[in-house]
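Q: The chain contents come next:
2 protein chains.
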Amino acid sequence: MQRQSYPPEILQYIPFFYVIWSDDLITASEINVVKYAINSDNSLNAAHRELLLSWSKPENPPENSLLKEWKQTISSSRVKLVESDTYPLTSFSQNLVCLYHEACPFNDQLKHIETNLGIQPNHYGHLFEVDIQRSSESKYYSASELDGILKGEHAELVDGFRSVTKDAIFEWNIHRNKSEFRDIVLEQVKFLADKGYGTTAYPEAVGGQNDMEGYAHIFENLMYVDGSLTIKFGVQFGLFGGSIEKLGTKRHHEKYLRDIGSAELLGCFAMTETGHGSNVRGIKTTATYDRASDNLIIHTPGKNDNKEYIGNGLHGTMATVFAQLIVNGKNEGVHAILVRLRDEQQQLMEGVKIEDCGYKLGLNGVDNVKIWFDQVSVPRENLLNKHGEITTEGQYRSKIENPNKRFFTMLGTLVGGRICVARAGLGGAKFALAVAVNHALRRRQFNDSVKVQEDLLMDYPTHQLRLTPLVASAYVYHITLDKMMASYCDDARPDKRVIETKVAGLKAIITWYANDCIQECREACGGKGYLLENRIADLKGDVDIFTTFEGDNTVLSLLAAKGVLSDFRSEFNSAGFTAVLKILGIQISDTLTTIDPRYSNKVDADHLYNPKFHKHAFNYRTQRLTYTLAMRIRDYIKKGMPPYQAFLKVQTHLLALGKAFSKELAYNAFADFVNEMPEGKNRGLFEKLGALYALHEIRRDAEWYLEQGYLGGTKSKAIRQRVERLCTELRPHIGVLVSGFGIPAHLMTAPIASEDWKIDFRLNVP
Amino acid sequence: MQRQSYPPEILQYIPFFYVIWSDDLITASEINVVKYAINSDNSLNAAHRELLLSWSKPENPPENSLLKEWKQTISSSRVKLVESDTYPLTSFSQNLVCLYHEACPFNDQLKHIETNLGIQPNHYGHLFEVDIQRSSESKYYSASELDGILKGEHAELVDGFRSVTKDAIFEWNIHRNKSEFRDIVLEQVKFLADKGYGTTAYPEAVGGQNDMEGYAHIFENLMYVDGSLTIKFGVQFGLFGGSIEKLGTKRHHEKYLRDIGSAELLGCFAMTETGHGSNVRGIKTTATYDRASDNLIIHTPGKNDNKEYIGNGLHGTMATVFAQLIVNGKNEGVHAILVRLRDEQQQLMEGVKIEDCGYKLGLNGVDNVKIWFDQVSVPRENLLNKHGEITTEGQYRSKIENPNKRFFTMLGTLVGGRICVARAGLGGAKFALAVAVNHALRRRQFNDSVKVQEDLLMDYPTHQLRLTPLVASAYVYHITLDKMMASYCDDARPDKRVIETKVAGLKAIITWYANDCIQECREACGGKGYLLENRIADLKGDVDIFTTFEGDNTVLSLLAAKGVLSDFRSEFNSAGFTAVLKILGIQISDTLTTIDPRYSNKVDADHLYNPKFHKHAFNYRTQRLTYTLAMRIRDYIKKGMPPYQAFLKVQTHLLALGKAFSKELAYNAFADFVNEMPEGKNRGLFEKLGALYALHEIRRDAEWYLEQGYLGGTKSKAIRQRVERLCTELRPHIGVLVSGFGIPAHLMTAPIASEDWKIDFRLNVP
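Those protein sequences? They're chains V and A, same order as listed.
Numbered by my numbering, the letters in the first sequence go through residues 1 to 766 in order.
Numbered by my numbering, the letters in the second sequence go through residues 1 to 766 in order.
Rather than coming from a laboratory, the hints here were simulated on the basis of the structure.
From a predicted model like this one, the values you see are computed outputs, not experimental measurements.
Among the hints, a few may not be true.
Chain V stretches covered by chain A per the calculated footprint, using a threshold of three residues with CB under 8 angstroms from any CB of chain A [stated by the list, open to error]:
#, segment
1, 273-279
2, 548-557
3, 710-718
Derived lysine-lysine pairs resembling DSS-like cross-links, with alpha carbons at most 27 angstroms apart [unchecked claim]:
#, chain 1, residue 1, chain 2, residue 2
4, A, K717, V, K639
5, V, K80, A, K303
6, V, K246, V, K405
7, A, K57, V, K303
8, A, K284, V, K111
Okay, the calculated beta carbon distance ranges per label pair [as the list claims (entries may be wrong)]:
#, chain 1, residue 1, chain 2, residue 2, range
9, V, K71, A, D290, 28 to 36 angstroms
10, V, N177, A, A205, 48 to 56 angstroms
11, V, D374, A, L67, 16 to 24 angstroms
12, V, N177, A, D108, 54 to 62 angstroms
In this text, a Cβ means the ideal position worked out from N, Cα and C, and glycines have one as well.
In isolation and in its complexed conformation, chain V is listed as follows (with noise of 0.2 angstroms):
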C-alpha cells in the first residue's frame, strides 16, 4: 500500500471534493454549505483551510490532473463504501484516514456537507473504483443451487431451453397492433418447433419425446419470453396436438402428430362456444353421421352456439371440433373431431365462417376467434375415435356405456393443460416477484432524516410482509406442480379422476395466487410497476384470463369441492348421495375429536414451526369443512329438497372446502418433498419457506379456526407474529430466493430490476 502524502486533515476532505466536483453535484448557492463547513471545522489549521477553500470555487474549479489524482488517492485504499452507514461519505473518509493515521476522528462538518448537500451513494457510487458493500445481504445460499433444487431432473431440458430463448427472436419488444405481433408469436412458435420443442410430450413412435413432465417446466419457462408465445405453444402443440394425441387412435397419430410438432401443420382446439364456455357437456354444435355419404357434416344450430375465443384460429389449417355427436338419430354425446378450415392456400373451406375476437386486456399475440359451421362435411375418419367411434356399417360404438362417463373420460385425459396453465400462471408470478423484489433491493424512499441515505423498500416490514410470503408460495407451488404432473404421467396409477379433482382445486388456487401475486407486485413497484417496459403490466393482463380458461376457478374449485365430497364419484343423486354420507360421517366422527385446549393455545416456536402442526391444521380444516357440508346437505335432503336444491344452498360451503382441499394438497406435496430432501443448509431454507406458507394460510383462515376453537386468541396472535418474524428472516436472503427462479439474465428486461443484477443477484446461463 502506498503511502498517502496528504495530511489527514486534508485527507478526509478528499472524497468529498473528488464527489462534488467529478459530477457537477455543486451548484453555485450551494457552495455556501462547504465554505461554512470549512470555516467552522476546528481540526483545520489556517493553511489547511486556504486549500481547501482554493478548491471551493466554481469559478475556478479544480484542474482534472487534480481530479485524477484524488480519484487514485480513493482507489488505490482499497478502502469500502458500506451503502448502509448512516453517513456513508463521512465514514468512508474516516476509514481513508484510519488507514494512514492513528487518529481518525468522525468529524461532525464532513457529516453537514454530507446531509446538507445530499449527497447520496446512488449519486457518486459510479465514481468510485471500490466495491460498494450492499446493506443487508447474505450470500449464504447460491441461486444456482435453489435453481437446481427446481429443475430437478429436468435440469439439461430447461437449461438448453433457456440458452436457445437468447436468440434474437425472443428479444422483448412492446406490440400494440395485434396483427404484427401474433405474426411474431408465430414465427417464434416455428422457431421453437424448429429446435424440437414441439414434440417434447409426444410419444417416441411419432418422433416425440415422450417427456410431459419436461414439456410442463419449458411451458413455464416460455412465460419468462411471453404470455402469448406461451398460449399460442400450448394450443398448438398442447391442445390441438395434446387432444388428437389423446382422443385419437394409431391412425390419428401417425398422420398428424409429426406436422404438428414441427408446426407444419397448424391447428386448433375448438371447445368453448359462445353461450357455452364452463359447461360444456351442453355445447351444441352437431356432428352428425350421414350414413350416405359416410360422413360427418358439422353444423352450428343457434345465434349463440358458435365457437369462442378458439387461439390459432387466424393461422391454423385444422382444428380439434367438439361437438354432439348423432348417430342414426341418436345423441351420442360430445366429441372431438377433425375439422380442416382452411385449404393449402389458407382460404376458408365452404360453410366455415371465422371472425376474430378483436382486442384482449391481454394476450393479443394470440389469434382468438369465433367459428360458425355450415352443413361442414368432414370423413368419418376425422371422429377422434379412442372412447367412442362409428364402425363401417355406421353403428356407434364405444367400450365406455355411459355417456356421462365417457365426456368424463375423454376431458380427463386433458388434464395436464390444466397443470401447464397453472405452471404459466406460477412462472408470471416468479417473473414479477423477481422485478419488484430486485426494485425493493435498489429503490430507496423515505429515511428518519438523520441518515443521509434513505431507507431501502425491502426493508419496510410492510413491504416484506407483502412480497415474502409470496416468493415462500411460489416454492411451494412448484414442486406441488412438479409432484402433480409426474402423478398424471405415471401410468401405474390408473385413477385419473382423482388427479383430475386435484388439479381442478390446485389450477384454481394457483391461477389465483399468481394474479393475486402480480398486482402486489405491481403496487409494490410503484408508478414504475406501471410502464409496460417493466414487464409486469403485460404479465398482469396476461395471467388474468388463466383464471377463466381451461376451466373457470370458481367452477373448478365447485368440482374439486364436489369429489371430495363423493368420494370422488361423478354424478350425486339422493341413493348414491346418502351411502357417500355414510362413509364420510363415519370416518369423520371418528378423526375429529374435540381439540385440547393445551393445543390449541400452544405458542413455543417448536410447535408453531412444525410441518406436523402445519398438516394437522390444513387436514383438520379439510375434514371438519367436508364434515359440516355433508351434514347440511344431507338435512336439507331429508327436508325434500332436490339435491341440486341442497347444493346450491351450500355453495359458498362447498367454494371454501375446494380451497381448503388444495391448499392441504400443496403444503403437504411439499413437505413430502422437504421431508426427501438431503440434510444441509438448503432444507432448512426450505423448510422455513414450507413454514411461511403453512402459517400465512392458517392465518388468513384464522376467523374459521378460531370459530371453531381449533386455535385461541393467543396462538392465533402469535401466528401473526411469526409470519412477521419469518418475513424479517428471510429478509437477507430474498434476492437469492428469486434468483433461484433461474430467470435467465437476457429474459430479465426490466430496467429496474437489472440494474446492478450482474453483480449480486444475475443468474448467467450455462
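Given chain V, work out where chain A should sit, using these hints.
A: Just chain A now, with coordinates in the frame of chain V:
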C-alpha cells in the same frame, strides 16, 4: 280477444312448430324426436296426428303463409312467456290453450320435445312478439330515485353533464396507438372546456362556478366515458389549475385561471421525480433565487432527479414545478413555481428536456413525460406565493415559520384532488359492476338437467356473494366521498389537517376496493370480461394506478394511522409523542371496557342489523388498535429504541389501524346520512346496504375480533350467514341497484351489458 280456430290438440303444438320452422332450429336427424313425440301423444286422434306429421317434413317445410298465421295466433293471444318456468315453451303452450278451452293439461310429450331438442328461450325469444317475463326481478325500487339520491343537490349539473356526453366526440373506441389516443383525449378536454366544465371549481371572480363538490361529481361521471379523459381533465383543471388557485395569489389567478379553464393554456403538475415519488419532501429539483437577474433558476441536479410521470407533458406549455427553494444560500423547503415549457410555436424552451414515459398498463391517452431542467430562468413572480414569497428586496418571507409545517400546508390544499381520485376509482367500480351484474342477469350456465333453461349466473349464491357486497360498498363510498368533499369545502372548518388524514385513509381503501371490485367483475364475466369491447379490461388497466398516484396507498394508510395516533400532529419526536401517548392512554383505557359475553354471542337479527352494533364494532377496532399500538411504541421507546425505528417495528400494525380507521369513517358517514333520510322504502334499502357493508367488513376482520373476544364463534358464524342472507334478499333488486348508479345508456357500450338493457334497467338521460 279473437276466438281461436285450431282445436286444443293442435293449438298446443303451434308454438313448437313455429319455433322449429322459423329459425331452422331443427336438423334432419332431430325431426325424429318430434315424430316420436307426436306418435306417443295419446291426446291426439288420427286426424290430428296426420296433420301434425305433415308439418314435420324437412324436405317439405310449412309454407311461409302458414308460419305467419301461427305467428298471428301467438301474438294475438298476449300470453306471456315466463322465462323462469321449468319448461317455458311447454308452459306457454299450455297457457295458450287455457285461454280458449276449459281443459288444458300440461303435455308431457311437448316437454319431451322441449327437453330433447334443448329449445331455450334465448333461441326463440326474438321470434315472439310477446313480453318476456324475466325471472326474479323486482320493480319495487326505482333506479331513477336511487340515482336522484346519489346525485343529491348536484342533480342539475350531473344531468346536464351526462347529456353533453352524448356528443359523438365521446364515442367509445379501442385505441391502441398512444399518439392517436392522446390527440382524441385532448380534443375531448377542449370540448368540455368549451362547454364550461373546466372552471367548475374555480372562484367566481375568474369566471368559475366555485363548485368543487359538483366538480367531484363530474369527475366521477367522466369515468363512464373514459379513464384517460378523466385523468387528463384532472391534470389540466384540477392539478395544474388547482395548484395555481390554491398556492398562487390574485395575480396568478387573474393572469392564468381563465385561460386554463378554457383550455387555452394547457399545463402540468410537476411534483414527482424518478428518485422521489412518495417522499416528495425530499425532491431534488432546485429553484435558486438569483438576486442579480431577479430570476429563479430551475435545475435538475442528479441523474434520478428528473420529474417523472408528468401528465399533459406533451401538450402542456407550462408547468407548476415543485422544487427546493434556495434563497441567499438557504433552503426554504419545497415550493411551487410556474415554469414555461414550450413557446407559442410549441417548441421546447431552452434548458427544458422532455421525454415520453412510453406505454403503460392503462391510461395511454394521457401524455406522461419525464422532464429535466438545465438552469432554466423564470421571473421571481412565477413563485406561487400564497404560503411563502420572495420580496422585492430579495428576502424570503412566510407567515408559516416551520418549513415542514409550510410544506404540509401546501400539500394540504391539494387534498381535493385526492378525493377526486377516489371518486374516479368509485366510478370505475360502478361501471364494472353495472356490466357484471347485467351480464349475470342474462348469462346462463348449468342446470339440474331436469330444467330446460340453464340457470342465470346471478342466481348462484357464489355469484351473489362476490358481487352484492361490492354494490353495497359502492353506495357507502359514494355517500362518504360526498360528505368528505363537503367538509373539505366548508370554510367554517379551518383544520384541513384533520380532513387530510381522513382523505388519505379513504383514498387508500376506496381505490383498493375499486381494483378488487373491477377484478371480481372481470372474472365474474368470464372470457367475455376479457374483451376490450366489454370495457372492464380498460377499467382494470386505468384504475390500477389509482392505488399509487396522488399518494401510494400503503404510505397513505400509514399516514392516516399516524394521524390517529398523534392526534393529528404531523411530526413525532420523543417528547411530543410521549405527551400524545399520555392522552391516548387515558382516553382509551377509559373507553375500552371488557366485552360482556352476552354481547359477544348475541346473534339475533335485530342486533346484527342494528347500526349501533356496527358503529360499536368499527369503533372498538379503531380504538383498540390505537391503544395497543401506542403501548407497543411506548415499550420500544422505553427500551431506548429511536422513534423512527420503533415506528418501523410496528408498521404492519399501523397499516391495520389506517384501514380500520378509514372503514369506520366510511360507515359512520353513510349511517349518518341514512339517519337523515325520510322514512320510506328507499331508506329501508339504504339501511340494508349499510348493514351488508358493515357485516361484510366485520367478517373480513373476524379473526381479529375473535382474538379479542369481541366476537364469539357463534356470533362470527351468524354474521357470515347474515352476509349471505342479505345478498340473497337483495337479489331481486340488484339490477335496479346498479341502474341507480345512473350510467347513461349511451355510455354503456359493453355488448354483454347492453343486450335488452333498454327493456329492464336502462336509465335514459333526461
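Q: Each of the hints needs a verdict: does it hold here or not?
A: Hints versus structure:
1. 273-279: holds (count 5)
2. 548-557: holds (count 5)
3. 710-718: holds (count 3)
4. A:K717 to V:K639: holds, 23 angstroms
5. V:K80 to A:K303: holds, 23 angstroms
6. V:K246 to V:K405: holds, 16 angstroms
7. A:K57 to V:K303: Answer holds: A:K57 to V:K303 is near 23 angstroms, not above 27 angstroms.
8. A:K284 to V:K111: The given pair, whose Cα atoms are some 19 angstroms apart, holds under the 27 angstroms limit.
9. V:K71 to A:D290: 28 to 36 angstroms: This hint holds: roughly 32 angstroms between Cβ atoms.
10. V:N177 to A:A205: 48 to 56 angstroms: holds, 49 angstroms
11. V:D374 to A:L67: 16 to 24 angstroms: Check passed, 22 angstroms falls within 16 to 24 angstroms.
12. V:N177 to A:D108: 54 to 62 angstroms: Holds: the Cβ-Cβ distance is about 57 angstroms, inside 54 to 62 angstroms.
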